[in-house]
Amino acid sequence: MAVETQTAPRGLRRRRIRPYQVVQIVVAVSITAFLLYRLQYVLFVDDLYGLDTWTRFLISGLVIGAVYAVIAIGYTLVYGILFMINFAHGEVMMLGAFAAYFVFEALGAIPAGAETSFLNTYPIISIILAFIAGMSVSTGMGLLLERVAYRPLRGGPRLVALISAIGASLFLQNAAQLMFSPRRRAFANPDFLSRGAGFEVMISGRPVLITYTGTFVFVGSLLLLALLYFIIQRTRFGQAVRAIAEDQEAAALMGINVDRVIAQTFALSGAMAGAAGVMWGLHNGIVYHFIGFLPGLKAFTAAVLGGIGNIPGAMVGGLVLGVVEALGPAFLGLDFQLKDVIAFSILVLVLVFRPSGILGEVVAEEKV
Amino acid sequence: MAIRNGTRAGLIFGFIMVFLILIGVPETINVILQEATTNIDVETGQVINTAAFLFVMGVVAGFAAARKEEPDPLSGAVLSGLIAGLITGATTGLMIIILRSLALSEIDLREYLDKLSPTAIESLALRLSPILAGGAHVLIFALSGATGGLLNWIGRGPWRGPVGQMISNTRDRLARLPIVAQAQNSPITRYVVWAAVIAVVMIVPQFLNDYWSFVLGTVGIYVIMGLGLNIVVGMAGLLDLGNVAFFAVGAYTVGLLTAPEPVGVLWDFWTALIFGIVLAGLAGVILGVPVLRLRGDYLAIVTLGLGEIIRILIRSDLLKDFTGGPRGVRDISGPSLFGLEIGSERTFLYFILVGIFLLIFVTIRLKNSRVGRAWIAMREDETVAQAMGINTLNYKLLAFGMGAAFAGLGGVLFASRNQFTGPEDHTLLVSINVLAVVIVGGMNSIPGVILGAFALKGLPEILRQLDEYRVLVFGGLLVVMMILRPEGLWPSQRTRLQFSDEDEPVPIELSSATSAAPTPIKADVEEQKQAATR
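Read top to bottom, the protein sequences are chains A and B. The opening residue of the first sequence carries number 1 in the working numbering; numbering runs sequentially from there. The opening residue of the second sequence carries number 1 in the working numbering; numbering runs sequentially from there.
Just so you know, the hints here were simulated from the structure itself, not pulled from any lab data. Do not rely on the hints blindly, as some may be mistaken.
Stated by the list, open to error - Taking beta-carbon pairs under 10 Å as the criterion, some of the chain A residues facing chain B (in silico):
{"hint": "1", "residue": "Ile-85"}
{"hint": "2", "residue": "Val-160"}
{"hint": "3", "residue": "Ile-166"}
{"hint": "4", "residue": "Asn-257"}
{"hint": "5", "residue": "Val-258"}
{"hint": "6", "residue": "Phe-293"}
{"hint": "7", "residue": "Val-304"}
{"hint": "8", "residue": "Asp-335"}
{"hint": "9", "residue": "Ser-345"}
{"hint": "10", "residue": "Leu-347"}
{"hint": "11", "residue": "Val-348"}
{"hint": "12", "residue": "Leu-349"}
{"hint": "13", "residue": "Pro-355"}
Backbone N, C-alpha and C define an ideal beta-carbon position, used for all residues, glycine too.
Looking at chain A on its own, in the form it has when it is part of the complex:
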């Protein structure tokens, strides 16, 4: 963080380049050079993948990125007002996915008409029910986490809250493992949203499949993001949230019930995580106790990438991360196993070069 160089008066600033800046420049130049080299390689030398494959990557990246964006919103909301990383957010999402899974299983077992189940006779209602279940479980979980693991520590050192959050995350993950067994379960979608079905688009002479689930998830995420943006910008609650993010004490003096708004923020972020969990299950089709961990970390990366604490930032960050992660391995000529390495490397690079993220304001030391 180059805070001291920015706050020092111009005349006093020393123009000496520090060793750290040298390292930064060297790293930046070499990464740029490598990226340019790969770009010309991919474009002109070796077209291992045709345009159709790139489109497939792009589509899958956009869908996953939209889900990341929805999860990242939860991190950003909480970080915005408490300056705390809610490490257990991914686990909240996982529980939401489980709730939806159980709803689908239950509805799938209820017979309705001849040879079909409730799930397939009334798919829209089923999906709405699944979202309601997933979002309410996650909302409850968010509230519970705030009450049990975070509220008693508010005002203490930030490290303490973070350790507590890590503990909560481990706890939830293992509780889910113990309750539901570590088995991977197939998420039973209603037939009309079955995975693998979709529209076909011809690109450079080959068919590219845009799955229904992907479309559904992408549109659903955008709707949720719009809804959230509306809540934060247009409602009294959103106003209170922004006021607390700006200055907690002043907000309290203006008559805002800080405790309540913080709890409601956790509820809202939990609801977002729950919806993301349901969509994750619908799209990827697998649910088990570990599905929250990596998306959680990635979404945090997305939040940081966009500028943590900044809501449009989280949306942009999520989409960018999803796309980069999907295109990255092919573009860099790496194995697809190393997809996660790309995400984490982005996290490190962003924090090193632009800790405020893509859309983030440069915040002063005291505030963060």
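Given chain A's structure and the hints, the job is docking chain B onto it.
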């Protein structure tokens, strides 16, 4: 008041009981107790054990409910305990009625809820029919809740004050005796204590079999890594969740340098040991340069990411020829001393112990040195430390490098003792374990680290049946420790003073005697809050 407290506690404990049943705790306890009491037949044992477990939980619920009561009346304490018990019992009773009915109609719940096997439900229902079982639960919880309330009332009874007074008086008087004070300050005492500790620690392994030597060896390796992380987290205040990266560097260095495959250089263990430590330390410094500029919680996430990157890289096909990929590295050689092979678990334990003593010595010297003071200053307030002329980045790098080197040593020992290392040895859980060791034991406290390693790596070995709950308990423990005892089980002297009430500044007398205390400054309020919560 009693009704409200009771209802509150009852609802909370009802929720906890439902959760415990869902994760299968009652059945596990039942199994443990059945192994302990062999002379009772299985069916009676089932009922007795479950009833006992329910009773204990009810007592706890009642106790907790009565805790918030007004100091005096017996009736209030018992009433709130009773209500708490009734509500807890009603919750579990309702659950058991449903579960038992489902089980009796031959529906296997394990498809969705793994722990609800027919036997588990049978013993939870005390082998009764659904309705009777529900009633039994309510009854047991009501009784035990009232007992808990009563116990709470007895516990805060009048005898407690004088006895506690006597104990603390005796302690004070003992401490004030001139000979004790002299002994406390004299270096000779310190040497004697150290000699005694070393002697005991060196003799104990003679009485251990291979299994326990192995367990203690694992504890020892965690002590080493905990000491390392203690420098980073405890002294310098940098939350590092990527300790496993350096553990992996150490393990793979010794693996690749001494194993016949995949590199096959077959170096001597001791050279590999030095290489492992130095490389891990170097890796710490190199990775530290970019990330140490970050603030506390960002640092935590980035180090966590680095740890994951290393694990993914080890596994990947990219480095398969170099690291053996998912298969790992086999046949790592162990140390030998003057031609004497250190092969058995016991001799290896001695080897680890020597390492621990060396590292404790290093840590103590570091802690009391200029470097250690700089770290502590930095942890307390980075800006002020900088203003005092401490080059924070260099000191952070030093701390990070030291922590990494210790972790590297841990990795070397771990790999060469197991004669194997693979990607599954280097999961995030290792970092979290080490962090938990440091935090549960007490940050910046060497005995704390040892205690923490015993508590977290040793105890689970004794209670093997509880193994599957270990990570769950870790997680819960981290939260609970942060809320109740953020200074750890065995805090260092400095932290203890920070957290204790006795050393608060003497309140300045105000003119009116009725105004309780002068408004303390903000920082003090926060400390008091933390002290009050424990």
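For each hint, the structure was consulted:
1. Restraint check, A:Ile-85 versus chain B: the minimum CB separation of about 5 Å is within 10 Å; hint holds.
2. At about 5 Å, the closest approach between the beta carbon of A:Val-160 and any beta carbon in chain B falls short of 10 Å, and the interface hint on this residue holds.
3. Taking 10 Å as the C-beta contact cut-off toward chain B, the hint placing A:Ile-166 at the interface holds, the least distance being around 6 Å.
4. About 20 Å separates the beta-carbon of A:Asn-257 from the nearest beta-carbon of chain B, more than 10 Å, and the hint is not met.
5. Here the hint on A:Val-258 is broken, as its CB sits about 16 Å from the closest CB of chain B, past 10 Å.
6. Here the hint on A:Phe-293 is kept, as its CB sits about 9 Å from the closest CB of chain B, short of 10 Å.
7. Checking A:Val-304 against chain B by beta carbon gives a least distance of about 8 Å; that is within 10 Å, so the hint holds.
8. A distance limit of 10 Å between C-beta atoms decides the matter here; for A:Asp-335 the minimum to chain B is near 6 Å, and the interface restraint holds.
9. Annotation: A:Ser-345 was flagged as interfacial toward chain B, and the flag holds, the nearest CB pair being 7 Å apart, inside 10 Å.
10. With a least beta-carbon distance of about 5 Å to chain B, the hint placing A:Leu-347 at the interface is held under the 10 Å criterion.
11. Taking 10 Å as the C-beta cut-off, the interface hint given for A:Val-348 holds, the closest approach to chain B being about 6 Å.
12. Hint on A:Leu-349 holds. Least Cβ distance to chain B is approximately 9 Å, under the 10 Å limit.
13. Taking 10 Å as the C-beta cut-off, the interface hint given for A:Pro-355 holds, the closest approach to chain B being about 7 Å.
Hint violations for this structure: numbers 4 and 5, all remaining hints satisfied.
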